[in-house]
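A.B. asks: For reference, the chains in residue letters:
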Amino acid sequence: MNLLTVEKLTKHFGGLAAVSDLDFTVAEGEILALIGPNGAGKTTVFNMLTGLTGITAGKARFKDTELNGMPPFRIVELGLGRTFQNIRLFAKMSVLNNVMVGFHCRTRTGLFGALIKTPRASREYRQAQERALELLAMFGLDGVKDEISRNLPYGQQRGVEIVRALATDPQILLLDEPAAGLNIAETEILMEHIARLRSDLKKTVLLIEHDMKMVMNISDRIVVLDYGVKIAEGGPDAIKADPRVIEAYLGTGFRKSHA
Amino acid sequence: MRLRWLYWLIGGIILFLIPHVISDEYWMHMIITTGMWMMLAVSMDLIYGCTGQLNLGHAAFAAVGAYITALLMLRLEWSYWLALPLSGLGAAAVSLLVGVPTMRLKGLYLGLATLGFSEIVRLTLLMWASVTRGPMGLPGIPLPTFGSFTFESKTSFYYMILALLLFTVFCVYRIIHSRVGIALMAIRDDEIAARAMGIDSSRYKILVFVVGTFFAGIAGSFYAVYVSFISPDSFKMLDSFMIFAMPILGGIGTLVGPLIGALILYVLPEATRVFAQYRMLWVGILLVVTMVTQPLGILGGLETLAGKFRRPKNGVKAE
Amino acid sequence: MQPLQQLVQQIINGLVIGSVYSLVALGYTMVFGILGFINFAHGDVFMIGTFFGLVLLGTGHFNFTAALIGAALLTGIAGVAIEVVAYRPVRRFGKGFEDTMLVSAIGVSIFLETLAQIIWGTETHALNSGIHSVDFQFWGLNVSSIQILILVTGVVLMVVLHLFVTRTVTGAAMRATAQNMLAARLMGIGVNRIIAITFAIGSVMAAVGGMMVGAYFDAVYPLMGWTAGIKAFTAAVLGGVGSIPGAMVAGVLIGLVETLGSAYISSGFRDGFAFIILILTLLFMPSGLFKARKGEGKV
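As given, the protein sequences belong to chains W, L and D, one line each in that order.
Numbering of the first sequence is given in this note's numbering, commencing with residue 1 and proceeding in unit increments.
Numbering of the second sequence is given in this note's numbering, commencing with residue 1 and proceeding in unit increments.
Numbering of the third sequence is given in this note's numbering, commencing with residue 1 and proceeding in unit increments.
Just so you know, these hints were derived from the structure itself, not from any lab.
Hints should not be assumed to be uniformly reliable.
[Stated by the list, open to error] Computed Cβ-Cβ distance ranges for the label pairs, DEER-style:
| id | chain 1 | residue 1 | chain 2 | residue 2 | range |
| --- | --- | --- | --- | --- | --- |
| 1 | W | Ser199 | D | Arg193 | 55 to 65 Å |
| 2 | L | Pro101 | D | Leu73 | 36 to 46 Å |
| 3 | W | Asn2 | L | Gly301 | 47 to 57 Å |
| 4 | L | Pro101 | W | Phe13 | 23 to 33 Å |
| 5 | D | Ser266 | L | Pro139 | 43 to 53 Å |
[To be verified] The calculated lysine to any residue pairs, modelled on SDA-like cross-linking and capped at a C-alpha distance of 25 Å, are:
| id | chain 1 | residue 1 | chain 2 | residue 2 |
| --- | --- | --- | --- | --- |
| 6 | D | Lys95 | W | Leu52 |
| 7 | L | Lys236 | D | Ala172 |
| 8 | W | Lys145 | L | Ile192 |
| 9 | W | Lys92 | D | Thr100 |
| 10 | D | Lys95 | L | Thr293 |
| 11 | W | Lys8 | W | Thr25 |
| 12 | W | Lys59 | W | Gly234 |
| 13 | W | Lys240 | W | Lys63 |
| 14 | W | Lys92 | D | Gly268 |
| 15 | L | Lys154 | L | Glu270 |
[Unchecked claim] Over 10 Å on every C-beta distance to chain D, these chain L residues come out as not near it, computed from the model:
| id | residue |
| --- | --- |
| 16 | His20 |
| 17 | Gly137 |
| 18 | Gln277 |
All C-beta atoms, glycine included, are put in the ideal place defined by N, C-alpha and C.
Construct the complete structure from the given sequences, taking the supplied hints into account.
C.D. replies: So this is what it looks like as structure tokens:
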């Protein structure tokens, strides 16, 4: 089943077409990578899918529900979670509380429950905390649960952001350049985590990435964007050899010298 | 912290005994007034410290509460105990008039909107003379009664404001330490990220406005029966600035911060007999100095100090 | 006076007061363009400038022009002092402290207003500018020489500013800093110096505007910074914060609306017109006429 369907998705910023007529689908359980040179429009696609930016034309659908015009928090409730290219953790909050934020859309205590501290409210809070610790432990982060998030090293902050997104209990996770700023060792760990997202937690993953080694290693399929237009789609081997992709990244000189 | 309950008990006893120990009317008046400022500061910080919404017109909501109480008691001869909650609700309802249209404004623009609104309130109270008697104000507001007991002495008012303040602090505490509180803090740190994590930030921003102004209305209601006379000048724009400055000095987003701020900004000048005009001079200076040296306020400064002495965990040092 | 002449008369009056608003609005807009920050205390700088002038005139050693220049210089220094003491240290904290700077500005504003009230009391003082205003009458209109002076000064200052910003090296540095502070710094531009210059220019223009207003109405009072500040701020927003031509045009617009509204609708509501424009702009056109730069204050 296709979790995510994108049809003729288009975004215009004034006169600039950031994304044009994009079509792709993400099937349940797969890991799809969205790649392309800088400025190709990848993050814009994410922003449209998660409601942070409006869709100029075309449709985006999560299973059968149309995402056009839906506010971000509703989209999260549907089952799309995301991380950001430049990490957007809640800087002054602790790691644990950052993850707790993720649980917000899956819990129900409101003002009344907070004031009266009903048994249900306490139970909910406690359960969320326990689950948060579980998730953090899965990623080796439970040791820093009380640290203020902006004090953590970059690699750990990335991890926390992923855990926070997981707390929203998504069916599909949108990861925006998760390897950015990570060194080789951290990237290896990240790759293991992403693989586990699928194998252990049964999540579908849509990922934007520049690190080709990682992309080729963990993706089932790849969609390539250049100047907002899809120029190729297929498995890692096909994409690696695709001349249009090579040209987009390296320019035409390369092709000529190999002609 | 096994002995925590002991500290609470001692604190409670001290608070209880204060009016029996202090007989000076002037000091009791100061303490009672400080209680009101504390209520206003804490409730205001719920709006600013917790969601980052600049509210520079908080005193106006207290004015609304005061007038509702005064009018209900004077014109309709209702009991204070009915007027009190209605004042809070009335102020909260009025806050929707501000909160909803300005939902999309941020920072200074929101601040100016709240300022403008507080002016509108003041002008309305001034001009609607048929109801409010305009600049002449409403004198002779009756004292609250409970059965045969009349709240007349400073001691009785002290206990009342103490109860109201504790109620306010309790509610704010519960809110901060709950699912709602987590959402609020997220909104304050990064509203867009909060929305991306499933939080309906607009709803919470309004919620917090309504709750905060509810307590302001209650504080205003207390003021009305405490001094028995109110006028449109009872709650000035300058008061809103003072209320705003209090959590800033003490530490925004905390429970204790606004309380400390209220002590510093109100009690200190009073206690040192600083002339009223010069007080605002100090407020201005203190604001600048605080922002330039320790924007997180006194509490923030203490935390930073404490942090320097904390042992590093896992090789990661707390800043 | 016939209706058409009345209209033209009011338009002239509006242009005059509007040019003052433009001058003050420029201070808001230039600082915002570079720092992304609204100097809440700018209106009070305007007020201080006027009081500097009052003091200088009071000594009896200065005529109006000299007092104007003196006040402008003093105010320029004051503006820079405020930036160095209250804003620059906050910038050192890095990003994410915009609210902090705003609160600091509020503190400065409170301080200045209170100081003025302590020294001069809350009543209105006469400026005693010693200017002899001559009235010119033509076409049934009445234009005073002060009005002409204000208009001319305003236009001259704005032209000079425009030339300065577009034709000089420092002006180019200012524009560069406004567009990308980091890049400007990397290009060797002394960003702090540029910021100080921006504050100085804004304060000087505000002082000139203040002196003009003080002479025009022959009245100064400590809270005049508040009223003029809000109106000038409205002009900055209406024109699009960060846009210099925007501030120039919008200031005049507000002056016109205010004067015409005051003459034809209700004179008691005079100060309210600007406020209404502000609310409408914020709600419906927050990026202003000329498109704001560096964020708009809307979520």
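A.B. asks: None of the hints should be skipped; say for each whether it holds.
C.D. replies: Checked hints:
The supplied range of 55 to 65 Å is met by Ser199 (chain W) and Arg193 (chain D), whose beta-carbon atoms lie about 59 Å from each other. In this structure, Pro101 (chain L) and Leu73 (chain D) meet the distance hint of 36 to 46 Å, their C-beta atoms being roughly 43 Å apart. Look at Asn2 (chain W) against Gly301 (chain L): about 55 Å separates their beta carbons, and that is inside 47 to 57 Å. Distance hint check: the CB atoms of Pro101 (chain L) and Phe13 (chain W) are about 28 Å apart, consistent with the given range 23 to 33 Å.
The supplied range of 43 to 53 Å is broken by Ser266 (chain D) and Pro139 (chain L), whose beta-carbon atoms lie about 32 Å from each other. At roughly 22 Å between alpha-carbon atoms, Lys95 (chain D) and Leu52 (chain W) fall within 25 Å of each other, so this suggested pair holds. At roughly 45 Å between alpha-carbon atoms, Lys236 (chain L) and Ala172 (chain D) are farther apart than 25 Å, so this suggested pair is violated. Straight-line distance between C-alpha atoms of Lys145 (chain W) and Ile192 (chain L) comes to about 23 Å, which keeps the hinted pair within the 25 Å bound.
Of the pairs offered as hints, the one joining Lys92 (chain W) and Thr100 (chain D) holds, with about 15 Å between alpha carbons and a cut-off of 25 Å not exceeded. About 16 Å separates the Cα atoms of Lys95 (chain D) and Thr293 (chain L), which keeps this hinted pair within 25 Å; it holds. Proximity of Lys8 (chain W) to Thr25 (chain W) is assessed by CA-CA distance (about 11 Å); at most 25 Å being required, the pair is judged to hold. About 22 Å separates the Cα atoms of Lys59 (chain W) and Gly234 (chain W), which keeps this hinted pair within 25 Å; it holds.
This hinted pair does not check out: Lys240 (chain W) and Lys63 (chain W) have alpha carbons roughly 30 Å apart, beyond 25 Å. Restraint check for Lys92 (chain W) and Gly268 (chain D): the C-alpha separation of about 49 Å exceeds 25 Å, so the hint is violated. Among the hinted pairs, Lys154 (chain L) with Glu270 (chain L) is consistent with the structure: their alpha-carbon atoms are about 18 Å apart, no more than 25 Å. Residue placement check: His20 (chain L) keeps its beta carbon more than 10 Å from all beta carbons of chain D (closest about 38 Å).
Under the 10 Å C-beta cut-off, the non-interface status given to Gly137 (chain L) relative to chain D holds; the minimum distance is some 21 Å. Annotated as non-interface, Gln277 (chain L) brings its C-beta within 10 Å of a C-beta of chain D; the closest such distance is 5 Å.
Hints 5, 7, 13, 14 and 18 from the earlier list are contradicted by this structure; the remaining hints agree with it.
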